[in-house]
Amino acid sequence: MSNVPAPAYDPAALEAKWQSRWAERRTNEPDLDRPAKPFYNLMMFPYPSAEGLHVGNMFAFTGADIHGRFKRLQGYDVFEPMGFDAFGIHSENYALKVGTHPAKLIPRNIENFRRQLRRFGGMFDWRHELSTTDPAYYKWTQWLFLQLFKAGLAYRKKAAVNWCPACKTVLANEQVIAGYCERHPDVKVEMRYLEQWFFAITKYAERLLANLAKIDWSDSTATLQQNWIGRSEGAELAFETPGGQKITVFTTRPDTLFGATYIVLAPEHPLADALTTAEQKSAVRAYLREVQAKDIVSRKVGDRQKTGVFLGAYARNPATGESIPVWTADYVLMEYGTGAIMAVPAHDKRDFEFATEFHLPIRQVVRIEGEPLPTVSEDGVLMNSGEFDGLACAEGGRKIVAWLAGRGLATPRVQYRIHDWCISRQRYWGPPIPIIHCERCGPVAVPEQDLPVELPFIEDFRPDDSGVSPLARHKEWYFVKCPQCGGEGRRETDVSDTFLDSAWYFLRYPSTEFSDRPFDPARTKTWLPVTSYIGGNEHAVLHLLYSRFVTMVLHDLGHVHFDTPFPRFRAHGMIIKDGAKMSKARGNVVVPDTYIQEWGADTFRMYLMFLGPFQMGGDFRETGIVGIRRFLDKVWHLAHESLTPGASPRLDKSVERKLHQTIKKVTADTETLDYNTAISAMMEYANALREGGAGSRELVEPLVVMLAPYAPHFAEELWEHLGHQRSVFEARWPSYDERLAAAGDVEIAVQVNGKLRSRLTVPRGMAQDAVVARVLADASVKKFVDGKPVKKVIYVQDRLVNLVL
RNA sequence: GCGACCGUGGCGGAACUGGCAGACGCGCCAGCCUUAGGAGCUGGUGGGGCAACCCGUGGGGGUUCGAGUCCCUCCGGUCGCACCA
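Positions in the first sequence are counted from 1; adding 269 to them yields our numbering.
Each hint should be verified, as a subset may be incorrect.
Claimed, not checked - Think about it this way: if two alpha-carbon atoms lie no more than 27 Å apart in a straight line, the pair counts; the simulated DSSO-like pairs of lysine-lysine are:
(1) Lys366 / Lys426
(2) Lys515 / Lys618
(3) Lys426 / Lys515
To be verified - Here are the in silico distance ranges between beta carbons for each label pair:
(4) Val858 / Met1035: 31 to 41 Å
(5) Asp455 / Ser949: 22 to 32 Å
(6) Leu602 / Gln495: 18 to 28 Å
(7) Lys286 / Glu967: 25 to 35 Å
(8) Glu999 / Thr521: 52 to 62 Å
(9) Pro304 / His990: 29 to 39 Å
(10) Glu940 / Met652: 40 to 50 Å
(11) His828 / Gly1034: 56 to 66 Å
(12) Lys472 / Arg731: 31 to 41 Å
It is worth saying that the hints were derived from the structure and are not from the lab.
This one's a predicted model, so the numbers in the text were calculated from it and none came from an experiment.
Even for Gly, the Cβ is constructed at its ideal location relative to N, Cα and C.
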């Protein structure tokens, strides 16, 4: 057909060519100071593991990159940065395992990640790469800590932590499996009390919750955060002891107060010891010791046998005036509410179990027809509640609180599940918390001009049994003068939580070249808040919550002009393999490198996006990849056929119509991240081109542009073959003609009594009467109508006719 | 226990506010082209039936002219939280 044979599609060569050309031409580096239409396209930066980028990362980054490239083709100045979240216990444990210092290991891993990230064709602006382990970065993480410290939002207190005697370190709750260490399955985890640094995130609970309603987030993510913050409305009620002490309890069910037959204090409750009578002392102390031996996790695991002990003391139920016994039990947690509860066994499952176990009285105060005790529902009517009998639960509760409030024994109260954020880690691989402890002045902030407090190189960074970070062993670093009084001081040896590093990285990206400020005011004003944020729901709670909190604090302190960092967030799904999560243990981990090598980055990118809906994820099966490759080959040939000299540039009307329909569909679907259906629409169009107007440039070029976000190297190469000098990313996204997309004939369904009996092709927009006339003339319809009168005609324009007999 | 999401061919998955179920792709079958094909092209492919037709979206019930889609209920799966008062 052609006198010059078309070059074959060779992904490896062509992708290398375009990757170096993008770098040379600075294609991916927008003007950060004077953008016409800034679009900050953010994706969650990876933890640079030794295994390298995995398919899950690639899936997420590809989806986000497609969105960014699409926006660029629509004329935005897209800033798409990338960085590395390289501090943390994960890296440190790995370094311990392989016996290489993390300071050596991490740069190596980052180098490997950088190579992989370039290879898959992300539109990254590498001028603004960052790593949280870089002193130039964590200097400002420490600065951030100091801002919170100075604002009174960072404080120290003793808190219970999990301690593994084998690891000689604190463990996160996630690392404790049924009471045992995840790395030492035969070692029981202990509970220790240690001084820890906290951020007062609970002060922002109400705002963090309210703000969720104003932002455009995936529902699943917003719901997870909402549950995590966990707002409950109720009241604090006071129970007085004969000795004049007040036990304050929190309850969401003040309506059940008349049914409160005993009080339970958490074992750590300050009154627990004070209220214990002499004859109960030894029993209570024994119980407290028993509780302390348990680790935090197994104490919190539900449906286990209730334990507890009577203190010997009594308190007065403010409603009934009765004296009720005071107990302590570990099913009551000091961290929630007031650390004390009124037990209503008739209407609470846990109290019911406890009362049954210890033979305490059970008094029903809510009537619900036909349900055995305990009844937990609030859809009932009060009984045994004096003057409140007969009221519905909600109303009764309000009235009881009002009645007691008059006597100073009740206060309405909102309680949150969320706790203050413990940012201390007794570990090595993190940013040192910039505090100096002085015997005279207490904890003193390191002056800002002395930042960063550099993490000293310690050859043996293994944690020891002391519960103190390995940093304390570096004496020259540890002992310093107090910046306030000049006296003897010691550095804080805890490092901060990795989640603090990642709670502000999006602020740093546009300003990485400034060493004298964390984020430049002008840059920040131009680029923030983040236009589009895409990431996994595994960070729905911690990372996204902490980022929102930090941003609110910075806003309140006057450092940024917004209090919502991510007004638009979309959660992507997860890639699984053979129906199961990928993991090393299962041996089903997919390594992207091998697939990119075999098929090319473009084919692999598109295949990942074609697996399933981006926001739901999909099941990775390698058998489908070839379908994408066939599609790209097909487009490759179509484009070259359009170049063949002498090929008639005929413009097939029906293909033209299909083009406009395709642009409409692909535009809408790429906007909403429905990449799988956008790809199938482009496939349909390529099939139509093959059947119809293959020779025509006007019909092929828009397809090449639409493919550019998905298969960027491929599109660049074809664009060049089609005679364009400049990057395809300087072209404009094709527009469509709504009238043309809507023109043509439609096939409408013909039903009789709701059953499909025939199909009819009519011009679009045909009037009901004309359509019905043609329907009634149809032989296969006549057979079913069979002379019976048509009672009703349902007509849906351009879709269906239903004759009801 | 609470909350969220999901059950559609042999497989991954389509189906806008209720309106032709199975788009697109894999796989499979047949044919063409080939010395050959894990290449390419053409056609077919939910189940039953020679056919007209009938049956089909986890099970059961309901609303509706019409239900994969809405409501109730049960079953199964995934994720998050979990002795949160």
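Hints and how they fare:
1. Lys366 / Lys426: Given that 27 Å is the threshold and the Cα spacing comes to 32 Å, the pair is violated.
2. Lys515 / Lys618: 26 Å, holds
3. Lys426 / Lys515: Measuring from Cα to Cα gives roughly 25 Å; hence the hint holds.
4. Val858 / Met1035: 31 to 41 Å: Violated, at about 56 Å.
5. Asp455 / Ser949: 22 to 32 Å: 52 Å, violated
6. Leu602 / Gln495: 18 to 28 Å: 21 Å, holds
7. Lys286 / Glu967: 25 to 35 Å: Holds, since Lys286 and Glu967 (Cβ atoms, about 27 Å apart) stay within the stated range.
8. Glu999 / Thr521: 52 to 62 Å: Hint holds: Cβ distance 60 Å, inside 52 to 62 Å.
9. Pro304 / His990: 29 to 39 Å: 31 Å, holds
10. Glu940 / Met652: 40 to 50 Å: 58 Å, violated
11. His828 / Gly1034: 56 to 66 Å: Distance hint for His828, Gly1034 holds at roughly 58 Å.
12. Lys472 / Arg731: 31 to 41 Å: With Cβ atoms ~37 Å apart, the hint holds.
Hints 1, 4, 5, 10, counting from the list given before, are not met by this structure.
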